[in-house]
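Chains A and B supply the protein sequences, listed in that same order.
Each residue of the first sequence is one higher than the last, beginning at 1 in the numbering used here.
Each residue of the second sequence is one higher than the last, beginning at 1001 in the numbering used here.
Careful, some of the hints might be misleading.
To be verified - Derived lysine to aspartate or glutamate pairs resembling DMTMM-like cross-links, with alpha carbons at most 20 Å apart:
| id | chain 1 | residue 1 | chain 2 | residue 2 |
| --- | --- | --- | --- | --- |
| 1 | B | K1197 | A | D199 |
| 2 | B | K1086 | A | E40 |
| 3 | B | K1293 | B | E1241 |
| 4 | B | K1087 | A | D48 |
| 5 | A | K2 | A | E46 |
| 6 | A | K50 | A | E36 |
| 7 | B | K1062 | A | E193 |
| 8 | B | K1087 | A | E193 |
| 9 | B | K1087 | A | D201 |
| 10 | B | K1038 | A | D201 |
| 11 | B | K1086 | A | E193 |
| 12 | A | K3 | A | E40 |
| 13 | A | K2 | A | D224 |
| 14 | B | K1154 | B | D1272 |
| 15 | B | K1086 | A | D201 |
| 16 | B | K1086 | A | D48 |
| 17 | B | K1197 | B | D1006 |
| 18 | B | K1089 | A | E36 |
| 19 | A | K50 | B | D1272 |
| 20 | B | K1086 | A | D199 |
| 21 | B | K1276 | B | D1231 |
| 22 | B | K1086 | A | D44 |
| 23 | B | K1087 | A | E36 |
| 24 | B | K1195 | B | E1241 |
| 25 | B | K1087 | A | E46 |
| 26 | B | K1086 | A | E258 |
| 27 | B | K1038 | A | D199 |
| 28 | B | K1089 | A | D199 |
| 29 | B | K1197 | A | E36 |
| 30 | B | K1089 | A | E193 |
| 31 | B | K1227 | B | E1241 |
| 32 | A | K3 | A | E183 |
| 33 | B | K1087 | A | D186 |
| 34 | B | K1086 | A | D186 |
| 35 | B | K1285 | B | E1161 |
| 36 | B | K1089 | A | D201 |
| 37 | B | K1062 | A | D201 |
| 38 | A | K50 | B | E1085 |
| 39 | B | K1258 | B | D1274 |
| 40 | B | K1258 | B | E1241 |
Please keep in mind that the hints were generated in silico from the structure rather than gathered at the bench.
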Amino acid sequence: MKKVITGDHSVAYGAKLARAEVVAAYPITPQTLIVEHIAEFVSDGEMDAKFMPMESEHSVMSATIAAQAAGARTFTATASQGLAFMHEMLYVAAPLRLPIVMVNVNRTIAYPVGIWCEYNDSMAERDSGWLQVYIENNQEALDMVIQGYMIAEDRRVLLPVMPCMDGFVLSHTVEPVELPAQEDVDVFLPGYEPVYSLDPDNPAVAGSFMPPEYIMEMRRQTMDAVEASKKVIPEVGKKFASRFGRDYGGLVEEIGTEGADVVLMTMGTVTSTAREVIAEFRGRVGLVKLRFYRPFPSDEIRDLGSRFRAIGVFDRSLSYTGGGPVFEEVKAALYGYSDIPVINHLAGLGGRDVTAQEIRKMCELTLRAADGERVSRVNWHATRGVPV
Amino acid sequence: MTAMRDLPDENLFVMGHTACPGCGVAISIRNALRILGKNTVVYVPASCGVVFSATYPHAAMKVPFLHTAFENTGACISGLKAAYEKKGKNVNVVGFAGDGGTYDIGLQSVSGAAERNEDVIYICLDNEAYMNTGIQRSGSTPFGAWTTTTPVGKLTRGKREFKKDLPEIMAAHDIPYLATLSVAHPADFIRKVEKAKTISGFRFLHMLTPCVPGWKIDQAKSIEILKLAVDTGMWTLYEFEYGERKVTYRPGKMRFVKDYLMMQGRFRHMSDEDIKRMQGWVCRKWGQHYGEKGSPEVCPVELPAEHHAITEDHRGMHGP
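Assemble the whole structure, with the sequences as input and the hints as a guide.
Structure below.
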């Protein structure tokens, strides 16, 4: 069935179709519609879940962790300050190996206070052990909630997954979305079978106080699980594609890269605009959609380094290293493998529109760098007082 | 009602835990779990309770145990209960949180859980300071008490503020059941835990729990001091059911608060004037709890007119 719905509504359908059993929630713009829709589903008896209207995001993530540890499939959603308020608890979920799915609707972190899209909320949580996938459209939002559980609950992974979706551009914008049939989702995603859970018939401790003799091994196990997800993610994607007919690729998606001189790497909704713009460059510029930021696709990036003469990297967040976090990690991945120019394109901070004009400029600068011209490594696009 | 001798011998909080001898928290947990039984799941926030019962790879509780952070006991027990409800399992979900984790950093979380009337038992183990981090003052620390952050110095001597009245705050949530307890009064203790176990909705059990190093007391005196807390009016045993207060034990004779204070190193520096102020505060509480004035030998005829929670510093700011 096709419906014309917002990204938030699409995510709520995803949680419903995935049969999330416990949904703890706290409102924050632009996530609010997600939890409103889920509250409606539950209130109308369309979704068989326990809806918990909590008193803060910190309590949302606490209740979610506890419910998941007790054996329930959980879902929640947040944004920006709410994600920051959960920070402490995010670090608990991954090493406890709890396959929670939480959508983050990307919104700028204050100060300055704004409600529009920037990635500085989720990217600040890159070291928490959560897997992060960035979403391009409302269909992908729904599909990645369902795939999120498949990835998270895979016994090789057992890690929480955070689909990240551009605030307003997707959350409050309607698009046609194909809603899969419940029977099909049930076959693809069976009920949650925890490896272990807190059960009075089989008592165990979750969350021990742990001396240094053991913590290195815990960290290494979590790292191994993140690495294992690199194999699981494309497998789940293929399986999903064969049942539902939509294939988003693995950790990255390549668009028109064959025979290109350079590639531009984008994330989220900017990718859609870039799909149009690269056509103007008659095959010289390819597009790479960075889907997963965790696990970070280092192997795929090294492969790009061997095939193209320059990489342009779009960042919607700033690391105060001079450039953006994706730029820094792309360079780190290429270190020792390739010395092609990597050009950072900062744009869209605070939710400023990233137009075709800026993307055209990103392509041009990346091409000029490939041709040996001295191009600034970090470029602030459409920023007053900063020439590009 | 079960008598002490009829409680099951099997402890669910077992020997080998690493709490101090005489620890009020450990004695309270052990006895509460004997009454609650095996069909119980426990959440403990950051506290001595985690260290002495769940240091990897050991476990001192024979029931499922969860720990995640400090300020979230109300939220975690809510989440546990939600999952069991969804799975159709009837389980006692219990949080054992300290005073710091309840009065201060956890107040939002406990208030949220109480307001939603979550079907859980919240047990506040009140040792009147942040003991696990090394005895820092909390909202529960009594007036005059020495802690490492209310030192006995040249200008100030111990804590200058009075203890926050948390049970009143919790009672204002209009929860199904609230009780104050002490393991030194076992019959009352058993009756209240049993009662909490049979009621559904949010149940708040508040236990005074002496801390040997934090209160600077003899490890053999925990129970004696608890008894004295009740006899002086520093702790009152009562229960609330939907806002209705009922005192469950009344001491035969009101004793001077000085007798309680002088048994504990944390109070021994207190001046006569501070002890008098403390006695005035206790007498006011006694009046509130028992519905009549304390005994005339103990309580001054005229209580100081000022509000006792206002400190000297605040008085200076607001004029005489």
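Legend entry - Hint consistency between A/K3 and A/E40 [alpha-carbon to alpha-carbon, up to 20 Å]: At roughly 17 Å apart (the allowed maximum being 20 Å), A/E40 and A/K3 satisfy the hint.
Inset, instruction - Take the C-alpha atoms of B/K1086 and A/D44, compute the straight-line distance between them, and say whether it is at most 20 Å. - result: holds (17 Å)
Legend entry - Pair hint outcome, B/K1062 versus A/E193 [Cα-Cα no greater than 20 Å]: violated (24 Å)
Inset, instruction - With a cut-off of 20 Å on the C-alpha distance, tell me whether B/K1062 and A/D201 pass. - result: holds (10 Å)
Inset, instruction - Measure nothing beyond the straight line between the CA atoms of B/K1197 and A/E36; if it is 20 Å or shorter, mark the hint as holding. - result: violated (34 Å)
Inset, instruction - Below or equal to 20 Å on CA atoms is what counts here, so check B/K1086 against A/E258. - result: With Cα atoms ~51 Å apart, B/K1086 and A/E258 exceed 20 Å; violated.
Inset, instruction - Mind checking the alpha carbons of A/K50 and A/E36 for me, to see if they're no more than 20 Å apart? - result: holds (14 Å)
Inset, instruction - Would you mind confirming whether the straight-line C-alpha gap from B/K1038 to A/D199 stays at or under 20 Å? - result: holds (10 Å)
Legend entry - B/K1087 paired with A/E193 [C-alpha distance capped at 20 Å]: Answer holds: B/K1087 to A/E193 is near 12 Å, not above 20 Å.
Inset, instruction - Quickly compare the C-alpha distance for B/K1293 and B/E1241 to 20 Å and report which way the hint goes. - result: Roughly 24 Å separates the two Cα atoms, so the pair is violated.
Inset, instruction - For the pair we were handed, B/K1089 and A/E36, check the Cα-Cα distance against 20 Å. - result: The given pair, whose Cα atoms are some 28 Å apart, is violated under the 20 Å limit.
Inset, instruction - Below or equal to 20 Å on CA atoms is what counts here, so check B/K1087 against A/E36. - result: Distance of about 24 Å is beyond 20 Å: violated.
Hint violations for this structure: numbers 3, 7, 13, 18, 19, 23, 26, 29, 31, 40, all remaining hints satisfied.
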